[in-house]
Amino acid sequence: DARVTQTPRHKVTEMGQEVTMRCQPILGHNTVFWYRQTMMQGLELLAYFRNRAPLDDSGMPKDRFSAEMPDATLATLKIQPSEPRDSAVYFCASGLVLFGTSANPNYEQYFGPGTRLTVT
Amino acid sequence: GENVEQHPSTLSVQEGDSAVIKCTYSDSASNYFPWYKQELGKGPQLIIDIRSNVGEKKDQRIAVTLNKTAKHFSLHITETQPEDSAVYFCAASWGGGTSYGKLTFGQGTILTVHP
Chain A
1 DARVTQTPRH KVTEMGQEVT MRCQPILGHN TVFWYRQTMM QGLELLAYFR
51 NRAPLDDSGM PKDRFSAEMP DATLATLKIQ PSEPRDSAVY FCASGLVLFG
101 TSANPNYEQY FGPGTRLTVT
Chain B
1 GENVEQHPST LSVQEGDSAV IKCTYSDSAS NYFPWYKQEL GKGPQLIIDI
51 RSNVGEKKDQ RIAVTLNKTA KHFSLHITET QPEDSAVYFC AASWGGGTSY
101 GKLTFGQGTI LTVHP
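These protein sequence lines are chains A and B, in that order.
Per my numbering, the first sequence starts with residue 1, numbered consecutively.
Per my numbering, the second sequence starts with residue 1, numbered consecutively.
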């Protein structure tokens with residue numbers, strides 16, 4: 001049963017600390033999306049990668065957030081330094097091209113279980 | 001950019017009744033419309049989707065309809081069961097331009113099915 005895995009599932013940290021969240025996409029999926037979910041803002045896209053290269057990170061606060069995909073089996077989202085307003089659930093989604101061309105694809109996205117981050 | 005509005009924000013039905021959730025989108029270029037179900041403490045799960053060249057799609061008790069002219073699409077759940085209780089999200093995407101297939105989500109509908 002192929003699924004996206006995320007670690008850790010829960011993280012409580014103090015303001016100013018570095019936080020690293022990890023995601024293992026479904027084998028064979030070449031696109032990874034990072035989302036943040038809060039009650040106020042709903043589901044927001046932070047960044048996404050295709051074939052390990054960043055395609056769009058315009059939704060991510062650049063001064064403190066960074067996203068990387070060091071290899072095809074691992075994507076990371078890092079916050080440094082963390083702030084209380086970063087408290088949210090962070091989801092990774094693994095994408096498979098459903099239709100379209102390589103330049104103009106539409107993806108079927110499969111979400112992981114999320115990392116619930118609390119910054120005190 | 002794309003904007004997706006979803007209604008209602010909460011929906012309460014009796015077991016066995018039907019439930020309908022509606023979404024409107026702003027970008028006429030959008031051509032892919034998935035629906036996700038999110039249970040408490042879990043990630044969103046893709047339950048059904050529709051492409052812009054199709055008007056309706058069914059999968060057992062769930063169906064999705066699309067009206068491209070009016071730019072709205074709907075999720076229909078028949079014979080609801082308590083396990084259908086969850087938050088449902090609609091989304092829209094377009095693979096062209098600089099969108100690269102990004103999904104824009106609606107605000108979500110909390111569906112409660114009472115036994």
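Accuracy of the hints is not assured; some may be wrong.
Said to hold, decoys possible - Facing chain A, a subset of chain B residues (Cβ under 10 Å, in silico):
(1) Asn3
(2) Tyr32
(3) Lys42
(4) Ala63
(5) Asn67
(6) Thr78
(7) Ser85
(8) Phe89
(9) Ala91
(10) Trp94
By construction, these hints were calculated from the structure, which means they are not laboratory data.
The beta-carbon is built from N, C-alpha and C at its ideal position, and this holds for glycine as well.
Practice prompt. Return the status of the interface hint for B/Ala91: holds when the least beta-carbon distance to chain A is below 10 Å, violated otherwise.
Written response: OK, holds: B/Ala91 within 10 Å of chain A, min 8 Å.
Worksheet entry | chain A contact restraint on B/Asn3 - CB to CB distance below 10 Å | Status violated, d = 12 Å.
Practice prompt. Return the status of the interface hint for B/Phe89: holds when the least beta-carbon distance to chain A is below 10 Å, violated otherwise.
Written response: holds, 7 Å
Item to complete: Using Cβ atoms only, decide whether B/Asn67 comes closer than 10 Å to chain A, and label the hint accordingly.
Response: violated, 19 Å
Worksheet item: Should the interface hint for B/Ser85 be scored as holding, given a Cβ-Cβ cut-off of 10 Å against chain A?
Response: violated, 18 Å
Discussion item. For the restraint on B/Lys42, tell me whether the closest CB of chain A is nearer than 10 Å.
Written reply: OK, holds: B/Lys42 within 10 Å of chain A, min 6 Å.
Practice prompt. Would you settle whether the hint for B/Thr78 is holds or violated, based on the nearest Cβ-Cβ distance to chain A being less than 10 Å?
Written response: Hint violated; B/Thr78 Cβ to chain A Cβ min 24 Å, cut 10 Å.
Worksheet item: Is the interface hint for B/Tyr32 satisfied, with its Cβ closer than 10 Å to some Cβ of chain A?
Response: holds, 4 Å
Worksheet entry | B/Trp94 as chain A interface residue, shortest Cβ-Cβ below 10 Å | Holds. Min distance 8 Å.
Discussion item. Please check whether B/Ala63 passes as an interface residue: C-beta within 10 Å of a C-beta belonging to chain A.
Written reply: Hint on B/Ala63: violated, closest Cβ of chain A at ~19 Å, above 10 Å.
Against the hints set out earlier in the document, violations occur for numbers 1, 4, 5, 6 and 7.
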